[in-house]
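Letter by letter, the chains look like this.
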Amino acid sequence: MIFYKKRWKKTALCLLWLVVIFSWFLPKCFCIDEVDASTAIDQAEETVNLAYTRTAEAEAAGADVSLLLDKLETAGVILSQAHSAFRSGDFESAFSSAMTCIDAVDDVADMATRLKIDAEEARSNGFLLTGLTLSIFVILFLIFTFFGWRLLKRWYLRVS
Amino acid sequence: MHIEEVKFLYVFACIILLLVVLLPTFIGFFSTSVDEEFSELWVLGSNRTIAANPITISANEPYKAYLGVGNHMGKVKYYTVYVKLRNQTESFPSDTGFPSSLEPIFEYRLFLKNDATWEKELSFSFNGVSFEGNNSSVSGLSFDGNFVDVHKVAALDAEKSGFFYQLFFELWIYDPDSGFEYHNRSVGLWLNMSS
Numbered sequence: 541m542i543f544y545k546k547r548w549k550k551t552a553l554c555l556l557w558l559v560v561i562f563s564w565f566l567p568k569c570f571c572i573d574e575v576d577a578s579t580a581i582d583q584a585e586e587t588v589n590l591a592y593t594r595t596a597e598a599e600a601a602g603a604d605v606s607l608l609l610d611k612l613e614t615a616g617v618i619l620s621q622a623h624s625a626f627r628s629g630d631f632e633s634a635f636s637s638a639m640t641c642i643d644a645v646d647d648v649a650d651m652a653t654r655l656k657i658d659a660e661e662a663r664s665n666g667f668l669l670t671g672l673t674l675s676i677f678v679i680l681f682l683i684f685t686f687f688g689w690r691l692l693k694r695w696y697l698r699v700s
Numbered sequence: 007m008h009i010e011e012v013k014f015l016y017v018f019a020c021i022i023l024l025l026v027v028l029l030p031t032f033i034g035f036f037s038t039s040v041d042e043e044f045s046e047l048w049v050l051g052s053n054r055t056i057a058a059n060p061i062t063i064s065a066n067e068p069y070k071a072y073l074g075v076g077n078h079m080g081k082v083k084y085y086t087v088y089v090k091l092r093n094q095t096e097s098f099p100s101d102t103g104f105p106s107s108l109e110p111i112f113e114y115r116l117f118l119k120n121d122a123t124w125e126k127e128l129s130f131s132f133n134g135v136s137f138e139g140n141n142s143s144v145s146g147l148s149f150d151g152n153f154v155d156v157h158k159v160a161a162l163d164a165e166k167s168g169f170f171y172q173l174f175f176e177l178w179i180y181d182p183d184s185g186f187e188y189h190n191r192s193v194g195l196w197l198n199m200s201s
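Protein chains in written order, with this note's numbering: chain A, 541 to 700; chain B, 7 to 201.
Hints are computed from structural coordinates only; laboratory data are not their basis.
Below, in silico cross-link-like pairs of lysine-lysine (DSS-like), each with a Cα-Cα straight-line distance of 30 Å or less:
1) A:Lys611 <-> B:Lys81
2) B:Lys158 <-> B:Lys70
3) B:Lys119 <-> A:Lys611
4) B:Lys70 <-> A:Lys611
5) B:Lys13 <-> A:Lys693
6) B:Lys126 <-> B:Lys70
7) B:Lys126 <-> A:Lys611
8) B:Lys81 <-> B:Lys126
9) B:Lys119 <-> B:Lys81
10) B:Lys70 <-> B:Lys166
11) B:Lys158 <-> B:Lys126
12) B:Lys70 <-> B:Lys119
Please read all numbers here as calculations on a predicted model, not as lab measurements.
Generate coordinates for the entire structure from the input sequences, incorporating the hints supplied.
In structure tokens:
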């Protein structure tokens with residue numbers, strides 16, 4: 541009986557220690573420090589920069605990028621908030637905003653790449669169609685010119 | 007008129023006609039825009055006109071201003087406007103393309119299409135203002151709903167009789183090859199702190 545009582549006490553003491561240690565380390569495990577926040581902001585910056593670069597390329601190819609710009613604008617506001625929170629020492633908010641920013645523009649680079657490919661195809665088709673139309677026009681023009689000359693020549697010789 | 011001369015005139019007229027018909031198409035294909043590329047940055051006072059210079063301010067009083075950016079660079083651009091605060095002796099962006107060395111207190115990130123403009127109403131107030139002898143100090147700035155620790159000291163300007171701070175804005179532009187670069191544009195509001 542005494543043996544069991546002692547054992548129970550030891551177990552309780554161990555549990556108590558575990559609780560104390562757990563409560564000591566738990567916040568440290570999940571707490572966001574300056575390095576974490578800074579890394580997250582750097583990642584967010586890179587994601588936004590890449591998204592912008594791809595969007596600019598898509599626009600240069602002739603794509604309508606209005607939707608992508610709306611997303612970038614939202615991400616820009618969130619990224620500014622992340623920097624602001626970081627400067628004021630609120631690393632958790634900075635980290636959280638940086639992650640939200642990454643989520644906001646995560647698909648923009650891929651969407652922009654697809655839009656760019658579509659726009660380039662459309663432009664290439666446009667060139668082809670214009671080239672074809674011009675060629676047909678020039679050929680018809682030459683044919684009409686030739687027959688026109690024959691008619692003119694006949695009329696001119698008859699008159700003179 | 008000889009038939010050869012008529013033939014020459016006919017061919018010449020046909021070539022001119024062909025060129026006139028095809029010219030608009032060729033212009034559309036090969037023309038490149040040579041418009042001047044530039045960006046705009048402006049700051050206006052509370053009633054959207056040129057702000058008084060300096061603006062006399064006091065602690066805990068809210069003030070309004072309008073900040074704007076215009077893109078005329080010919081394509082979509084990514085800008086950052088850094089908001090900075092300085093006293094009369096601290097660094098200001100130079101005309102030779104160097105930004106102020108001061109840390110920003112806030113920033114705006116913008117994505118603007120060609121010929122698009124962005125304007126934002128700013129609200130700010132100074133907190134923790136104190137005066138001691140010939141110095142005034144500010145410990146906090148509430149800017150656009152964000153509280154920022156600033157800790158700035160301005161000495162009395164005996165000539166202009168005031169304690170002057172400048173809230174200024176620098177325009178930076180993103181280049182995919184080299185990252186953000188100062189775009190050599192800055193505007194500011196001189197603020198005379200009164201007790």
